[in-house]
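There are 2 protein chains.
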Amino acid sequence: MTQVAQPSRSGVTDLYFDFLCPYAWRGLELADVLRREHGMRFRLRHFSLVQGNHAENPDRKHPTWWLDRQVAGQGSDYQAGSLNAFLAGQAALQQDEDAAWAFTLALFRAKHQPAEGVPAIDLRNDGQIRLLAEATLDADAFGRALEDQEGLRAALHEDLQDSATLGVFGTPTFHLPDGNIAYFRFANLVTEPGAALDLWTLYTRVLTDGARIETVKRAK
Amino acid sequence: MTQVAQPSRSGVTDLYFDFLCPYAWRGLELADVLRREHGMRFRLRHFSLVQGNHAENPDRKHPTWWLDRQVAGQGSDYQAGSLNAFLAGQAALQQDEDAAWAFTLALFRAKHQPAEGVPAIDLRNDGQIRLLAEATLDADAFGRALEDQEGLRAALHEDLQDSATLGVFGTPTFHLPDGNIAYFRFANLVTEPGAALDLWTLYTRVLTDGARIETVKRAK
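These protein sequence lines map, in sequence, to chains A and B.
Quick note, in this note's numbering, the first sequence goes up one by one and the last residue is 220.
Quick note, in this note's numbering, the second sequence goes up one by one and the last residue is 220.
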């Protein structure tokens, strides 16, 4: 297992996220607008908050407790739910890019923006995930992909290994093609194409400014 | 003692800093350029990292351990040095603005940018602080101000109370006249006037963007 994170592919921004995180959801929605409206390219990558914050992982870069090595359905609701969602997400990534994004966003919305009167999805609930897959993916291919749990866990491990090596600590984190990488948390959903491009331009300017900005964080 | 932080004065940005912090030093240098070259107004305020991170202060907004209530010279080097530096800083603030800034910057530079071959200043060393005061202030007035330790501690307490109420957690933190307030950490010293203005514009745009950006933080 390599300890060196893969460099982002040429021109592609790696987007690390956890389905548990409401800020990751906003980041995914932003990236989806940039992808659809402005031709930008993002790769969907998984980072686990449960793993990152686990008491057995005091050294963020060298975890000893890995989510991908846990038994399905075990541990806290967060642990079991995020592992289940990640494995479904990895299965979706085997399909074409638009379908994989549609499923990923559908799962995020079911968790963080459920329709009025509908409870948020329980990420452990395979029946509910299956319904989202049927709405967005080739459901038969998704079902077959899910049967290869070992392969899905290996793919998840690669994401978790890369995010650990890079020092990712929260989501969404964007890893730009130029190597800059930072957590980016914003409170308001941005879906208007012009506003999305402006926000992205602002974020990347922060990361490329000659002062080498390391942190901007509101006091609360 | 009021628990409500004073709003920033009209058009004035409050700059919270700790002499211990190398990033606060960069923030002060930036603000000084903006002040001298671009007519912006900043108020020098104190925030204590020793107090903020103290084990007896788990609730950042409601400290029970206050630096301004400690015996001079007691505690760790950080504690004793920062209290000593803050009290000198408060004494300097009784003089005119340019002199107070000159002293504050001289103290920061002696700590974080000593001349080659010269050790960094020991903030507990009153003789060294006196030398800096003689180079930048009306030294007699400074000496008289230092005699009113109770008044200096009361002024320091007001800064520490306001920073606690505002949720300041690190330095430099800038509290803009519009109410936005955020920690701003950058690695490279910025002293060129155009670059300083560009950096400040970028920082304030982050805080006023419609997405309500809460955090940009590099993974390491």
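Possibly wrong hints are sitting among the right ones.
[To be verified] Just a few of them, taken from the derived set where beta-carbon distance is under 8 Å, the chain A residues facing chain B:
1) W66
2) V190
3) G194
4) I213
Read the hints as simulated data drawn from the structure, not as lab findings.
Don't be surprised by glycine CBs; every beta carbon is placed ideally from N, CA and C.
Hint check:
no.	hint	result
1	W66	violated, 19 Å
2	V190	holds, 5 Å
3	G194	violated, 11 Å
4	I213	holds, 5 Å
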